[in-house]
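Top line first, the protein sequences correspond to chains A and B.
Take 1 as the starting number for the first sequence in the numbering used here and just add one per residue.
Take 1 as the starting number for the second sequence in the numbering used here and just add one per residue.
Fair warning: there could be bad hints in the mix.
With beta-carbon atoms standing in for the labels, derived distance ranges [said to hold, decoys possible]:
1. B:S126 <-> A:D7: 26 to 34 Å
2. B:S37 <-> A:R346: 24 to 32 Å
3. B:E15 <-> A:A290: 46 to 54 Å
4. A:T6 <-> B:D36: 24 to 32 Å
5. A:T245 <-> B:D115: 18 to 26 Å
6. B:A67 <-> A:T6: 18 to 26 Å
7. B:E45 <-> A:D7: 28 to 36 Å
Hints listed in this document are in silico derivations from the structure and should not be mistaken for laboratory results.
We treat Cβ as the ideally placed atom computed from N, Cα and C, and that holds for glycine.
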Amino acid sequence: MTSSLTDRRTSLYETHVEAGAKMVPFAGWEMPVQYDGIKEEHIAVRTHAGIFDVSHMGEIEVEGPGSLAFLQRLVTNDVSKIEIGGAQYSLLLNEDAGVIDDLFVYRLGHDRYLVVTNAGNHQADLAQFGLISRDFDVYVRDAIDNYAMLAVQGPNARRIVENTLRIDLPSRMKVAARQVGRRPAIVCGTGYTGEDGVELLIDPEITPAIWTELVDSGVVPCGLGARDTLRLEVCFHLHGNDLSTDTDPISAGLGWACDESTGFIGSDKVAVLRANGTDEKLAPFVIEGAGIPRQGNPVMLGDEQVGEVTSGTFSPSIEKGIGMAYLRSDLADPGTEIEVDVRGKRRTARVSSKPLYKKAR
Amino acid sequence: MAEASYPEDLKYHPEHDWARIDGGEATLGITWYAQDSLGEVVFFEGPEIGTEVSKDQPYAEVESVKAVSDVVAPLSGEVIAVNDTLADAPEAVNADPYETGWLVKIRLSDPAEADSLMDAAAYTASLE
């Protein structure tokens, strides 16, 4: 992947460059992959607080009397369960139950929802939202340019955000309208790290000032590199790696985010997969000795390929190679020994339960 | 080390590898530029003792959290030592790439190959 003239920049681009961040192209954006180092940033989030520029994430607003019926048809989870001020993880499927995107749905009002999408899928999501919206009394609007998004994550994240921005924060999996930098903002009690924290949807104009205020209060700037190691340690899926239109929710272990009774697009197919079981299952694993698994590595049992790694990295918390792989279903149970072919070298690994990183109590 | 440095007593290969030649033997490693581009090294597994390495060919890999990078041999020869301390402390490649962060030692099969390598000034100029 190389940088291109068409790559977009977030409102924090200059802030990142001035701070010495290493910038990389990611899903059509120029984003910081790291500041001082992925390991340090990762540990800062596990033990203190880190801040991520995730302004490349997309936002779609859904409004109108048909909002609930529209979203029930469009996404997999039971949207009727979200109370005003609530949040829910969901999937956008095609008719074949292939995963177009995974997203968060926030309910802002009675007939008002905000959907947060992945950068690389935002256009595909918009197309699907637009197409399906024709059958419902609903208004769909691309809001990606209205918001910058900051994720502040870690055991001290809430306390610092509260004290620095002087706002009350919604609890975990809740959302609230607030003023940040004297502008309307949406504050979400969600994240992608396995730590407590918030995600702030704020006016791009004031974002550099807010970022600087939080960093001056001791929050550690983090790049997408640490975001990836943090999410993989707690087995959160990454669309493009662990999910795609070639994978279905049941194989991916996301049956819990699907309620077929709502009649979502692809629900018939999901019901069949749930009833009959799938040939493959996505399972997390840890390399027992040396070696770091990478995306695309074959998983072997003797001479037979029985799976493929979809995400792999070095875990700064566990200090071992970790990953997730689609495995033949009979091999996907925790404790099963497998071998990962890492560029020609067989590395012994063990299927684990989720999450791979368990917080010390 | 935080600041770029390219010691005068080393020979440099354009693939960002260095050699410290001592008679018929040489110690090999990656340059400050290479470790900085790669990020924190979290894994290095050297070749077996006795392996023949060939000039300009990869002989090992170093890995950071996100990336895998081939290490290219600046000179040809037989591996006579591997830096085993890197198994537990791979970060030495970042902290001290020319001393404790060395990778392998080889017995040179063709010492004249060294004539094609760059000195510190030429290598530094090549980075600009």
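Quick rundown of the hints versus the structure:
no.	hint	result
1	B:S126 <-> A:D7: 26 to 34 Å	28 Å, holds
2	B:S37 <-> A:R346: 24 to 32 Å	29 Å, holds
3	B:E15 <-> A:A290: 46 to 54 Å	24 Å, violated
4	A:T6 <-> B:D36: 24 to 32 Å	28 Å, holds
5	A:T245 <-> B:D115: 18 to 26 Å	56 Å, violated
6	B:A67 <-> A:T6: 18 to 26 Å	24 Å, holds
7	B:E45 <-> A:D7: 28 to 36 Å	35 Å, holds
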